[in-house]
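If you read the sequences in order, they're chains A and B. The first sequence runs 1499 to 1846 under this note's numbering. The second sequence runs 1499 to 1846 under this note's numbering.
Treat the hints with caution; some may be incorrect.
When chains are identical, the list treats them as one kind, so a pair holds in a single copy or across two.
[Unchecked claim] Under the rule of at most 25 angstroms between Cα atoms (straight-line distance), these lysine-lysine pairs were calculated in the PhoX-like manner:
#, residue 1, residue 2
1, Lys1529, Lys1590
2, Lys1716, Lys1700
3, Lys1778, Lys1705
4, Lys1674, Lys1529
5, Lys1747, Lys1506
6, Lys1778, Lys1646
7, Lys1507, Lys1580
8, Lys1529, Lys1778
9, Lys1705, Lys1590
10, Lys1535, Lys1674
11, Lys1529, Lys1779
12, Lys1778, Lys1535
13, Lys1529, Lys1787
14, Lys1580, Lys1767
15, Lys1747, Lys1572
16, Lys1778, Lys1767
17, Lys1590, Lys1700
18, Lys1646, Lys1535
19, Lys1535, Lys1749
20, Lys1779, Lys1535
21, Lys1700, Lys1778
FYI, nobody ran anything at the bench for these hints, they're computed from the structure. Just so it is clear, the structure is predicted and the values come from calculations on it, not from any experiment.
2 protein chains.
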Amino acid sequence: MSNSFPPKKHLIGLVGFGTVARGLCQILSEKRAYLLKELHFDFEIVAVTTRSRGTMYHPSGLSLSTLMACAESKTPFTEHLKAWNSETMIRKSNATIIVELADSILTTGEPALSHCRAAFETGKHVVSGNKGPAALAYSELRALADQKGCAFLNEATVLSGTPVFSFIRTALAGNKILGLRGILNGTTNYMLREMEAGISYKLALEKADSQGFLEADKMADVGGFDAQAKLAILANILFNQSLNLDDIKRKGITELSELDIQTALREGKRWKLVASLTLKKNQILAEVKPEALPFSDPLSQVSGTLNAITFSTDLLGDVTLTGPGAGSVETGYGILSDLLTINTGVLT
Amino acid sequence: MSNSFPPKKHLIGLVGFGTVARGLCQILSEKRAYLLKELHFDFEIVAVTTRSRGTMYHPSGLSLSTLMACAESKTPFTEHLKAWNSETMIRKSNATIIVELADSILTTGEPALSHCRAAFETGKHVVSGNKGPAALAYSELRALADQKGCAFLNEATVLSGTPVFSFIRTALAGNKILGLRGILNGTTNYMLREMEAGISYKLALEKADSQGFLEADKMADVGGFDAQAKLAILANILFNQSLNLDDIKRKGITELSELDIQTALREGKRWKLVASLTLKKNQILAEVKPEALPFSDPLSQVSGTLNAITFSTDLLGDVTLTGPGAGSVETGYGILSDLLTINTGVLT
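Only chain A is shown next, with the shape it has when bound in the complex:
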């Protein structure tokens, strides 16, 4: 897909080394030859920087097998150590693409936001797995990126690896997107299905927690904050808006009772946490709220931790994309998807 032969080698700097980075390294390790041959994607990971384990750096590339071994352990790095913090790595390394996966706070976007700025200031592309940058400061970061001819991509932030943005940009190219409705939070979707099976909200929450589905801040899921941030990202990228989180009405599932769930079922409906965007006369209406959907609504059938978005388009009517909304390899693929987009050169 790249237009240059031999393909340009992308030098990747990873900020953060949690589950998503590990999923990415696993894919890159298993598919290196395939990606080069079929998609002309050539790369090295030159840096990995973390808050607790230190920074590894080698300008001609770290070995993927070393990285995979590090991924298995939790101990401080021992090879190719460099006394750099994240921001210094971003500014001083020879990385051409920064993959931003640092633990960040959703309400402030930090430190992810500062990492993005540092990358653009030094002319590096950014692939972010954090929701903060695109949810809170998309316009500012987009402008910074454009000034330097850099890509700013966020595929992994909305449906993990299910490719929303590349789907719209490439597969639906030429369509105008008029609105969307989606199930953007797998945890609440899982909980609502459990409650349909007859357990209480409290028990469903405990069950989700024991499966590791909940964010550290539980309200992020059940209060609708996670879906709200994802909806802001969709509005900002697909509809060219500058929404603040406050511009999006938000209601979580915390007030739904077992009775509500069972009453709806008897009426042929299912409660779902629905996020919606509607464009009316260039005004955007954005909202997250629980809705009792009739079984005939395709979104009512999206079960467990699956996510889905129905896009309303001018040429095709409704088109629905359903896929995973979480997972290490899945979200790692979301990051790879952006790396491949940068490789095609269409955005820069």
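We have chain A; now place chain B onto it with these hints.
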């Protein structure tokens, strides 16, 4: 998306001027400025050739408003007449892309097949809206196209405008597709839903006919031949196979009774005509048959004339795409999607 500035102008020759061509002309007419500005897609339609209305040709382009007026009437063409048949237009016109939409016979692929060969022999890209070429002779035509550096694209043939091939090629790039299951025929899907509401097979068939949903040969839909051809196209393009139609087991819905439908409903299941492809040790298993799907299967919820395909992938697990499977503008968009792919230059 194009890499050249100013963008290269594509010269389009239309073979056939039925509902799909009209849908395409309508989109091109309404979106000309948008397509140029946003996607750097510049074009002229230089020729339209038909069996019954003659051939129009102007090497620097026919006016879209003339074409739209012609689309409204059914009378022979009167302007820019040229005494060419389809094959002569393909060989002698200055078109760079042939959009192949001639009435063709599915079992032989003709005349579409001959049109494709003529186009590749004279170095022209082909966008086909006919199922025959890719279902019956994909390997041969692919080889011919490759020899001349031409594109051979078939987006509109499987799910009308719902973009299957560009979705796999771009949005799912890097994934290995392990198999798929889909509802590829909207007419039978509509009929089965009608039968669920309590009417007989015979009445459902009449209702589909009165709505204009049936192909001229009714068995194409209800006998599963249409789904079989679409499955062959998916196998040939996505799995690099050279399947004949005979390699695909086929059973239609003609033997399903009202009792079968109602019994399934009582058991929480819905009959659907399911087309499936499974890759096992590089052997492909392909089959079209009615299946009683539990309500929990997302395909059981695809209603009316909607189509859907669930792709099994190595990195993302199951990803499902649901959208329209018919319609003039929708299928016209399928053609446009391929024209935009040619415009990106990634395939040639």
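For each hint, the structure was consulted:
In the homo-oligomer, the alpha carbons of Lys1529 and Lys1590 never lie at most 25 angstroms apart, since the shortest distance is 29 angstroms inside one protomer and 46 angstroms across protomers. For the identical chains of this complex, Lys1716 and Lys1700 are intra-copy neighbours only, at 12 angstroms inside a copy versus 55 angstroms across copies, given an alpha-carbon limit of 25 angstroms. Proximity of Lys1778 and Lys1705 under a CA criterion of 25 angstroms is satisfied in neither setting, with 40 angstroms inside one chain copy and 36 angstroms between copies. Only between protomers do Lys1674 and Lys1529 lie at most 25 angstroms apart by alpha-carbon distance; the minimum there is 10 angstroms, versus 35 angstroms within a single protomer.
Taking the closest pair of Cα atoms, Lys1747 and Lys1506 never come within 25 angstroms of each other, the shortest separation being 44 angstroms inside a single copy and 46 angstroms across copies. In this assembly of identical chains, the alpha carbons of Lys1778 and Lys1646 never lie at most 25 angstroms apart, being 33 angstroms within a copy and 48 angstroms across copies at closest. Taking the closest pair of Cα atoms, Lys1507 and Lys1580 come within 25 angstroms of each other only inside a single copy of the chain (23 angstroms); across copies the shortest separation is 52 angstroms, beyond that limit. Proximity of Lys1529 and Lys1778 under a CA criterion of 25 angstroms is satisfied inter-copy only: 20 angstroms between copies versus 44 angstroms inside one chain copy.
When the C-alpha separation of Lys1705 and Lys1590 is checked against a cutoff of 25 angstroms, the pair qualifies neither within a copy, at 45 angstroms, nor between copies, at 69 angstroms. Within a single copy, Lys1535 and Lys1674 get their C-alpha atoms only as close as 34 angstroms, which misses the 25 angstroms cut-off; across copies the closest is 14 angstroms, which meets it. Taking identical chains as interchangeable, the C-alpha atoms of Lys1529 and Lys1779 lie at most 25 angstroms apart only when they sit on different chains, with a minimum of 19 angstroms there against 46 angstroms within one chain. Proximity of Lys1778 to Lys1535 under the C-alpha cut-off of 25 angstroms is restricted to the inter-copy arrangement: shortest distance 23 angstroms between copies versus 45 angstroms within a copy.
For a Cα distance limit of 25 angstroms, the shortest separation of Lys1529 from Lys1787 qualifies neither inside one copy, at 40 angstroms, nor across copies, at 35 angstroms. In this homomeric assembly, Lys1580 and Lys1767 never come within 25 angstroms of each other (Cα to Cα): the closest approach is 57 angstroms inside a single copy and 60 angstroms across copies. Within a single copy, Lys1747 and Lys1572 get their C-alpha atoms no closer than 40 angstroms, and across copies no closer than 52 angstroms, so neither meets the 25 angstroms cut-off. With identical chains, the CA atoms of Lys1778 and Lys1767 are never at most 25 angstroms apart, being 28 angstroms at best within one copy and 39 angstroms at best between copies.
Proximity of Lys1590 to Lys1700 under the C-alpha cut-off of 25 angstroms is found in neither arrangement, the shortest distances being 49 angstroms within a copy and 74 angstroms between copies. Proximity of Lys1646 to Lys1535 under the C-alpha cut-off of 25 angstroms is restricted to the inter-copy arrangement: shortest distance 22 angstroms between copies versus 30 angstroms within a copy. Taking identical chains as interchangeable, the C-alpha atoms of Lys1535 and Lys1749 are never at most 25 angstroms apart, the minima being 47 angstroms within one chain and 39 angstroms between chains. Proximity of Lys1779 to Lys1535 under the C-alpha cut-off of 25 angstroms is restricted to the inter-copy arrangement: shortest distance 22 angstroms between copies versus 47 angstroms within a copy.
When the C-alpha separation of Lys1700 and Lys1778 is checked against a cutoff of 25 angstroms, the pair qualifies neither within a copy, at 39 angstroms, nor between copies, at 44 angstroms.
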